[in-house]
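S.K.: For reference, the chains in residue letters:
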Amino acid sequence: MSSFLRPAAWLLIAAAIVAPIAMGMNTYYLHVLNLAWIFAIAALGLSVATGVAGQIVLGQAALVGIGAYATALLMMRLSLPWWLALLLAMVLTGAVGAALGLISTRIKGHYLAIVTLALNEIFRIVAVNEEALTGGPMGLRNIPTLSIPGLSETITQQLYLPLAGLMFVSYALMIVFHRSALGRELRAVRDDEMAAEAMGVNSVRAKTIAFMICSLWGALSGGLYVLLVGFVAPTNFTIAESIKMMLMVVLGGLGSIPGTMLGAIVVTILPEALRDLQTYYMAAFGAAVVIIMLVWPKGLGVFSDWLWGSFLTGRREPELSAPAGPLSLAAAAAAASSALAAGPALPETGGPLMRVHKVSRTFGGVRALNDVSFDVIRGEILGLIGPNGSGKSTMINACSGVVHVDGSIELEGHPLQNHPAWEVHAYGVARIFQNVRLWESMTVLENVMVAWRRVPGQPSGEAAIREASLAALEQMGVRHLAMRQAGDLSFGQSRLVEMARAIVGRPKVLLLDEPAAGLRGGLVLELSTILQRLRAQGMTILVVEHRIKLVTSMCDRVVVLNLGDLIADGAPAAVMESPAVIEAYLGERADAASHETRARRIRRRSVNHAVAPG
Amino acid sequence: MLGQVIASGLAMGCIYALVALGYAYVWNTMAIVNFAAGEFLTFAAYIFVATFTMSLGLPFWSSLLLTAAAMAALGALFSRLVFARLQRQRALVAIIATVGFGIFLKEMARIIYGPEPLLYVSPFGDDMLDFGGFRLSVQQLLIMVVVVVVMAAQYFVLRYSMIGKIMRATALDRETAALMGIPVNAVLAGTFAFSAVLAALAGILLAPLFYVTTEMGSLVGLKGFVAMIIGGFGSVPGAIVGGVLLGVIENVGAFAISSTYKDAIAFTMLLVFLVVRPEGLIPERSADRA
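Protein chains in written order, with the working numbering: chain A, 1 to 614; chain B, 1001 to 1290.
Source of the hints: derived by calculation from the structure; they are not laboratory data. Cβ atoms here follow ideal geometry from the backbone N, Cα and C, with glycine treated the same way. Be aware that one or more of the hints could be misleading.
Label pairs and their computed distance ranges (CB to CB) [unchecked claim]:
1) V295/A x P1237/B: 33 to 43 Å
2) V295/A x L1119/B: 33 to 43 Å
3) I291/A x A1153/B: 29 to 39 Å
All chains, please: the whole structure from these sequences, using the hints.
M.R.: Below, the structure written as structure tokens:
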């Protein structure tokens, strides 16, 4: 049924697009349609920057304007042919976009919204006042237009089909881009920037590219506008126009590229259809924005995503059958332990892999870490424990490049401290977060694919990344969830997906911040088996954990933090007996005679804690 | 001459400070920026001039009070119907929705009151007062006095009254506040109503200086936001300092460099501050949530 519906819908659309020109529609209406195609291209750029990459741009009209003025001036002053002028204008506007992208790495959210609004206003003021260059408020007139004599009589008719075709090609290109590795990175930055950086996404590069794409489509749209009407003025590129373009993106369902196309067509054509209601149109438009944002955030995207179907989401695979239990961790653990038994002996240990030296960090007046030094030995599972507020998570954040610190953290001699998180990831440090941070609008498989990184000698390319990601999901026992949206998972499932995302790049060091949180008590020991297996694959693991039972059963060594100080470092059993550790946990001074019994008490408590639900 | 320029800059800066203060209050309690604030200002100016003063012929003070009440009601209504629902959304969604509401308000003003600019003559006249060579128009003085009174009042209310404590508790931790029996939704609506009143005051004070048009608030709203960023996002003293500073620098810059680029100077100042001191002059304390 659906296989028949979709081609039929496409035929209908093709007919609807050819019909006006074939049936000799009046030139005015053709002109409106031409403008719709042109606006759709400008909105497409905005859709990538704002919808896909999450960067709020309220100044797209200015970028369109720069493209339009540049095209016009290059043709008029330098007598360049139209295609060269258009191309150069796109390059120029792309450079402006790149600069904006660099600004956006320092300025986020509301700041970016106001900055882009302000830049739009500055553009208008300059265009109005620099008469020598821009023609002032009257703008530039008599710009050579593009005519293709073979096609029809007037320019409007001649350009109708080429513009419509160009628009569809542009959208098809961006839909393919949306699925590509770079498209995934942009979406990851949008959904959770910190997690994206920690999993290897260079957010500076990603945002700069997003803004360049935004400005390139804007410039193309502006140039085409000039070639169509032969006239530009500052009034065409006001903040109101920027907001209109934003509405196209919003109406199309923020983040849906095909939706933007429908949004652009509706927003351009509707005011013409409602010409008699012109007075009320803008008010209705404003109210519609509010209502859409409140009650119908998916907008027209629902229909158009279906229309472009498989292009946007990739071939839909049949969902893998779910295992009998809620999570197939047990099966994964069994596989892991048989692999452990069959596989070669543990990789040789010994020699520090990661050295943490005199690391300090203060937040306001609070010292979260105070001259902490320890080594992580290659091939070990090192436990990092301590009471609440002892600095464990800050330590994990520092090792993964999320938090800046004083002191040094080295991995095989490379300094890691204060490097961007994505560089730290590229050196081979991956992590999970204490409160799961998946990119919720993406599929589970895409989540894992983003974190994949090239290993010398291993195959690369989309198919290989996909295979490796599915294998990582399999190893954590959640392969059957691959096609689900990450936001729909339970906490325990998300945790395992996050583990898969961390191991897909075969990191040297795996940082785990409370991996057992959210797992049912019975599954905790299976997790331990899986960690043993990861270690056997050559990963060194630093794990923060509260359940002492888990720590003693799986860790080779334990370091203990208390109030930012390192208070113990050694074998789990020995550390548990240490008076300093007992004091830190029980909050009282332990004299030598009685610490034995207290140590037992701690262990009993933690066992109880591990068994207790939640 | 420069003294004159600074004086009018101060008056304009006081207006920015009022708008910025409205942003700061709303940001502190709801963590959303109301991009429609400029249009609240426009709408208030129309209600004040066209409805209460011209049509009903009310005297200045009663028009002012009625306008404030009307805008407070509109603010509270908008807060309950729209703003409160945007809380759980991404910042982008909230920004676009408030921008949309701004367009709606601006267009409603045009539909109700027509496209012609309205001229409003201040009941206090346009005499110039001489303070030892430093000349100030009555309207400018009025603006400064009103703003100083409002600032002082909000400080003492926030600091010493029960309402202030309730608002601060809601701002710090809404869930705990609700558990302690504070009617959180009412507080949020009240805060928004207060910010609408601040915008209304700004509109009323601006009306005699410029024609009342549908565009009058748009740039003032943007610059109020710029003022808040300069002063420190969400910081109450920062909003005041940022507003006054922006007004003065903008005016002096326009005088010294180019008056056609006055608005561009203000926005350039924003860019400079974002690069040099993004946390603002008097930053709000904020926790690191890494």
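S.K.: Now tell me if each hint is right for this structure.
M.R.: Structure-based check of all given hints:
1. V295/A x P1237/B: 33 to 43 Å: This hint holds: roughly 39 Å between Cβ atoms.
2. V295/A x L1119/B: 33 to 43 Å: For V295/A and L1119/B the Cβ distance comes to about 41 Å; the hint holds.
3. I291/A x A1153/B: 29 to 39 Å: Roughly 37 Å apart at Cβ, these two residues keep to the hinted range, so it holds.
The structure meets every hint from the earlier list without exception.
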